[in-house]
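Given these sequences and hints, build the entire structure.
FYI, the numbering for the sequence shown is 1 to 944, going by our numbering.
Source of the hints: derived by calculation from the structure; they are not laboratory data. Hints may be right or wrong, so weigh each one.
With a cut-off of at most 20 Å between alpha-carbon atoms, the simulated EDC-like pairs for lysine to aspartate or glutamate come out as follows [claimed, not checked]:
1) Lys494 with Asp507
2) Lys839 with Glu855
3) Lys839 with Asp632
4) Lys839 with Glu732
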Amino acid sequence: MAPHLSRRGLLRTAVATAAASGLSCAAAFPSAAAPSAASPTATGALPPPPSWTVRPFDLKDVTLGRGVFATKRALMLDHGRGYDVDRLLQVFRANAGLPTRGAVAPGGWEGLDGEANGNLRGHYTGHFLTMLAQSYAGTGDQEFADRISYLTGALTEVRSALRNPPAVLAVPGRFGTAAENGRGSHQYVDLPATVLGGARALTLSAWVRPTHSAAWARVLDFGDDTTRYLYLAARNAAGVPRFALTTTGAGGEQGLDGREPLPLDRWSHLAVTIGDGTGVLYVDGTAVARREGMTLDPAAFGALRNHWLGRSNYPADPVFAGAFDEFHLWARALTAGEIAALRDDRAADTPAGRGDLVAYTFDETTGGTFADSSGRGLDATLRRTWGGPSHPGFLAAYPETQFITLESMTSSDYSVVWAPYYTAHKILRGLLDARLHTGDARALDLASGLCDWMHSRLSRLPASTLQRMWSLFSSGEFGGLVEAVCDLHALTGKPEHLALAKLFDLDSLIDACAANRDVLDGLHANQHIPVFTGLLRLHDATGEARYLAAARNFWDMVVPARMYGIGGTSTGEFWRARGSVAGTISATTAESCCAYNMLKLSRMLFFHDQDPKYMDYYERALYNQVLGSKQDTADAEKPRVTYFIGLTPGHVRDYTPKAGTTCCEGTGMESATKYQDSVYFRKADGSALYVNLYSASTLTWAEHGITLTQTTDYPREQGSTLTVGGGSATFELRLRVPSWADAGFRVTVNGSPVEGAARPGGYFAVARTWRAGDTVRVQVPFRLRAEPTPDEPALQSLFLGPVNLVARDASTSRLRFGLHRNAALSGDLLPTLTPVPGKPLHHTLDGVEFAPFFEGTEDPTHAYFLREEPGIVFGNTGSGVANPSRPDGTTFLDEVWAGAPFRDKDTLVSRVRSTVDIWVSAGLLGRGDGRTVVRTAQSASYTP
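Below you can see the structure in the form of structure tokens.
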């Protein structure tokens, strides 16, 4: 996500650990007004488009076995079971004016007090729905389906409430029943225009129970605009009640200020009298402010346009949050004794009697009209500040105003509008996943209605307005909406839905990338990555070639040109110049959402073009950034995933980022419940099965009537065993050969070696008729390698096979290491390190421990180090000769070991001798030193 970066602090919050509930949702959750569960329809994956030459399996077809993925997922499943979903629904229910069941909004980006006034609220519920749907698909645990059903039923109620005029929320009052104005409801009471009746003297009396301390929320505001008005605020800027009236704006206010703040969640009585030039403000029957010589009275205003309870004539002021009980207006100034009596009894039971201008007791329990018992018949009406939805399909946790305002914006301001179509995407995606994985027809109805509303809103706008909107940083961000809309269209077939997807085309970006013109420098990364996944789905639906070309070229602009070793991209959420990696490393590198979306894009590109580079990247990002972004700690309240992953020296990962409920926590929940989604693919005609990842899992391939079980502890194990179960089937098994697996990749079937060349960065094919019991053993030897950054080759990251090894050290300065000192004849650098007993993949070097990046700890780490090889050393035998370098930074040892692997020691020595000759001839190495280097290479012992 992309708010204005200067507003973003990296906040650490306290973490409460709670045990996951063992109750099923049916037992633990109250009924969502008994959702009329429309008959569920069949579950299953979306119909694959003809353009996909390779197709995925549904999540339910692949179950995880024991291993690092299952362990990480179990932590997220506990969170999915334990989190109170009524908290997620709080912001939706409040916006619709429904009871919130005592729930507290999640806070952070989901709360009105969060960043940018909570302008992104609702997005997290969409993520949570997707997480629950994936959890159900991956485990079959009914508790997740029950939670989805509860959420979907509640959201159906929310949409129904939004479709209708607001209705009173009746709660216990000071004397009987009161009207609750929930925070976030944007509701107020509209009084008839003749309420003041030309009175020159006035008394107003109101019982209020405020629930929030926001300044300037109005109890009452009668006026035309911000020039002519009279108001009573529960709190002014100093936090105390204030009454004022003016005909010349704020500077001309004649006011009365209280002495103490009104208590929250308690009933208080407020009264104001105006008569004979004197105004008095009372709180709980006591006069707290008096002003004489007032020159204004109600009659001075004549006819006013607005007569509101709970709403201000200043648009930026908050709506009153709390409850109203008796409200009365009299056309005279009551005495102090009469005011005091109002503190203890209903007005009708005091000497003052009911107000003679208006009298509302708020005893109503249904509807949206409040009866006037003054005898004047001036009934009041409950209204929304924003009116209501422009289309019955609207569903959100805030008013439609953000969408409306975006249409006229020319620059971004996330405190006003923060990516409303991004939030709509998250809700839409969650509903689609609920439908796909549980068959809930209500979810599809909500999703279809939401897109019907978006189409009605956007289809009437000029193309120039749409282009301007989508080019706005942050405010115009729309996430993966196009992909989701295309998926919906695949289910509904409605032409309006495909037309809607096309309305999000950002032509300047699409055309540049289709022409392979790199325009990414300075763009917000995660605002744009999911755009290209959407373009692929548009290509699937329309056949338009530029969409596919743009997506392919875009991917190549990011990988590897703007990629960190762990697979992440972006610094401070933005891209910099192509090839700038070392120069962009900071505490705010590698936003986790970027990795999530790059995986989706890579996966979908592979469906169109089986270039192994996409799965090589997938493995890198999945086994490193995505796994490492999830802390190895259970927590029912927080998903415990990272936002940024800083790659600076000594960085400590923050698994409770900002104030919570961020975009990256949302995608982190999703990632941790779909680890298995790309382990296996199949050719469209069923003739081949791709094994893309080595991961403990079982595939059920119903089409062929077989299962395939991988038994492995990869990446702690350097290989995997695949066993066929079920019946028999003829197909080609395609086993991925990672690009780093440049030696020793071996395959056996039922113990017999399979002939053929294993090309790194390709697939090894085994074609046969497979039968139950057939066993395939894949050996994937790991080698230690160092990957230099393109803009500073000496700054490197360390990999053992697919695993990024990070140094655990609290130093905030770059660590410096040499790796050639005991390199093996194969070129493997691993012999230079010392394994840590009992800790797979852990090693030490020069007293520093290296550990897998994927371990979700809070240890300070170094993902990059400075490579220093000051002397020429072979087999841990020093020559005493300095290691010279060329102007481009290539050292003598670099050039020697570039020839690896070596068949034997003699081959290595021959390489050393020829390299010495070249460097001596170039004047880079002395002849005597050269002879010493050759003798050292001859005398050293080497690991094969």
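Decide if the proposed pair is consistent with the structure: Lys494 and Asp507, CA atoms, cutoff 20 Å inclusive.
Answer violated: Lys494 to Asp507 is near 24 Å, above 20 Å.
Against the 20 Å threshold, does the CA-CA distance of Lys839 and Glu855 hold or violate the hint?
The hint holds at about 12 Å.
What's the verdict on Lys839 and Asp632, does the C-alpha distance respect the 20 Å limit or exceed it?
This hinted pair holds, its Cα atoms lying about 16 Å apart.
CA of Lys839 to CA of Glu732, is that 20 Å or under?
Violated, at roughly 37 Å.
Of the numbered hints stated above, those contradicted by the structure are hints 1 and 4, listed in ascending order.
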